[in-house]
Structure formats: structure tokens, C-alpha cells
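A.B. asks: Sequence:
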Amino acid sequence: MNGMLDIARRRYTAKHYDASKPLTDEEFDALLEILRLAPSSVNIQPWHFYVIRSPEARAKLLPAIKDFNIERVEHCDAIVLFTIERDLVPRAARVTDQEMKDGRFDAAAIASGFDKTVLRVREAGVSAYCSGPDRGEIWAREQASIALGFLLFAAAGMGVDATSLGGIEFERADEIFGFPALGRKCVIGCALGHHSADDANAARPKSRFPRDEVITVL
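Under my numbering, the first residue of the sequence shown is numbered 1, with each subsequent residue one higher.
It should be emphasised that the hints constitute simulated quantities derived from the structure, not laboratory data.
Each hint should be verified, as a subset may be incorrect.
[What the hints assert, rightly or not] Cut-off 20 Å, straight-line C-alpha distance, at most; resulting in silico cross-link-like pairs (SDA-like, lysine to any residue):
{"id": "1", "residue 1": "K206", "residue 2": "G149"}
{"id": "2", "residue 1": "K15", "residue 2": "A203"}
{"id": "3", "residue 1": "K15", "residue 2": "E137"}
{"id": "4", "residue 1": "K101", "residue 2": "E33"}
{"id": "5", "residue 1": "K185", "residue 2": "K21"}
{"id": "6", "residue 1": "K206", "residue 2": "M158"}
{"id": "7", "residue 1": "K185", "residue 2": "H48"}
{"id": "8", "residue 1": "K206", "residue 2": "Y12"}
{"id": "9", "residue 1": "K206", "residue 2": "R9"}
{"id": "10", "residue 1": "K206", "residue 2": "I7"}
{"id": "11", "residue 1": "K60", "residue 2": "R172"}
{"id": "12", "residue 1": "K116", "residue 2": "E99"}
{"id": "13", "residue 1": "K21", "residue 2": "E71"}
{"id": "14", "residue 1": "K21", "residue 2": "A156"}
{"id": "15", "residue 1": "K66", "residue 2": "G159"}
{"id": "16", "residue 1": "K185", "residue 2": "V89"}
{"id": "17", "residue 1": "K15", "residue 2": "I70"}
{"id": "18", "residue 1": "K60", "residue 2": "A202"}
{"id": "19", "residue 1": "K101", "residue 2": "D115"}
{"id": "20", "residue 1": "K15", "residue 2": "I188"}
{"id": "21", "residue 1": "K15", "residue 2": "R204"}
{"id": "22", "residue 1": "K66", "residue 2": "I168"}
{"id": "23", "residue 1": "K185", "residue 2": "D115"}
{"id": "24", "residue 1": "K15", "residue 2": "D198"}
{"id": "25", "residue 1": "K21", "residue 2": "R53"}
{"id": "26", "residue 1": "K15", "residue 2": "L61"}
{"id": "27", "residue 1": "K66", "residue 2": "A156"}
{"id": "28", "residue 1": "K206", "residue 2": "G159"}
{"id": "29", "residue 1": "K116", "residue 2": "M100"}
{"id": "30", "residue 1": "K15", "residue 2": "L62"}
{"id": "31", "residue 1": "K60", "residue 2": "I188"}
{"id": "32", "residue 1": "K206", "residue 2": "G3"}
{"id": "33", "residue 1": "K21", "residue 2": "V51"}
{"id": "34", "residue 1": "K60", "residue 2": "E74"}
{"id": "35", "residue 1": "K21", "residue 2": "S196"}
{"id": "36", "residue 1": "K21", "residue 2": "A202"}
{"id": "37", "residue 1": "K206", "residue 2": "M4"}
{"id": "38", "residue 1": "K185", "residue 2": "E142"}
{"id": "39", "residue 1": "K60", "residue 2": "E33"}
{"id": "40", "residue 1": "K15", "residue 2": "H48"}
The structure displayed is predicted, hence computed values, not measured ones.
Could you put the whole structure together from the sequences, leaning on the hints where they help?
C.D. replies: Written out as C-alpha cells, the structure reads:
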């Protein structure tokens, strides 16, 4: 418990990255697996993560980066673009199929038709979330935020620095990488790497409102 609290206390948002300190293969692979394992409502996993790491992909992305984030994108080791799937209704069946492959339902459950019940409930839930004018976009964005939180906290626990990148022209990023043609939409980004020696934010004390201003226990 204290270890988790220590991570929360020491974590900070990196402002400057050292391009000469890339992620190790172990760090990179672990962070991608953490993204894959992130939880989501009804396990819908309404995302696809694009990892920008090559010089060519980074150069393509830069025109969509707002000026205050350019240095971070240029010097960090990797940028994760979180995209959400725009058509989530068919995904319910795909999720249930994957759960079958992964052994989520034993023989007795399958014999009783429990897997089909799960599918019906999931399809009903997804259809309800996607029935509004936004076609489930708000719901999908909320799930992407969960994945982002997982990534940020895990990175801190591994000694990897991270910066949530809201400063992206998302429609332009969509156009650059052709996400709409794939049925996807970019909603947030995250830089990953190791901070530079001149990143003053690494040494500043954390500042938050007092607990009684932000938490009420009823």
C-alpha cells in the first residue's frame, strides 16, 4: 500500500525529455502490455493505440502538435496516440469471442448458455451507450481516459516519465494518419521517455488542494 502511495506522491508530469535516454526494450514492451490490459466498461476495449516512435512517423505527427508540446514530441522516446473505435456495436460479439478463446467460460458455463447470456447483456449495454447522437463517443472517451490513467501510473512506478498530450490538433492527426477511413478517431496522446537534467518540474514539490476541499466522505 505504501508503495502505491509513494508513486502517487512522487509522480510528476515531465516537461522536458532527454532524447539520448530512450526506453529500454523491457520498459517499452511492459508499457504496451499495460495498455493492452487496461480495464473498460463491459470489457469493450473501444480503442486502438498508435505508437509513434520512428523518425518518419514523428515527422508526420509534428504538424498536428501545438507549439508548447513540440519539444516534448521531438525529444521523448515514444508518443502514444489513443484512438477510439467509432462503431462499437459489432465489437460486443468480438469481445465475447475473445473471452471464449481466453477461457473465461468453462464447459459448464458454455453448456448452460451463460456465454450467450453475457453476449446479450453486453450487446444491450453497448447499444444503449451508443444510441445517443454522439454514437457512444463520450462513453468511449471515458474508457480511453481509464487506459491513460493506467499508463501514467504504471510508467511512474517503472521510473519512466510521461506527459499527457491534450495539445494536439486531433482532427489534423486523424487526417494525417487516415484514422477516419479505419473507423477511428484520435482523442488524446501521451509522451513517454526519460526527463532531461534541466526539467525543473522533476524537483518541484507536488501541489494539490487539501483533502477536505476535494473529498467528501458520506
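A.B. asks: Under the constraints set out in the numbered hints, which ones does this structure not fulfil?
C.D. replies: 3, 5, 15, 18, 23, 27, 39 and 40
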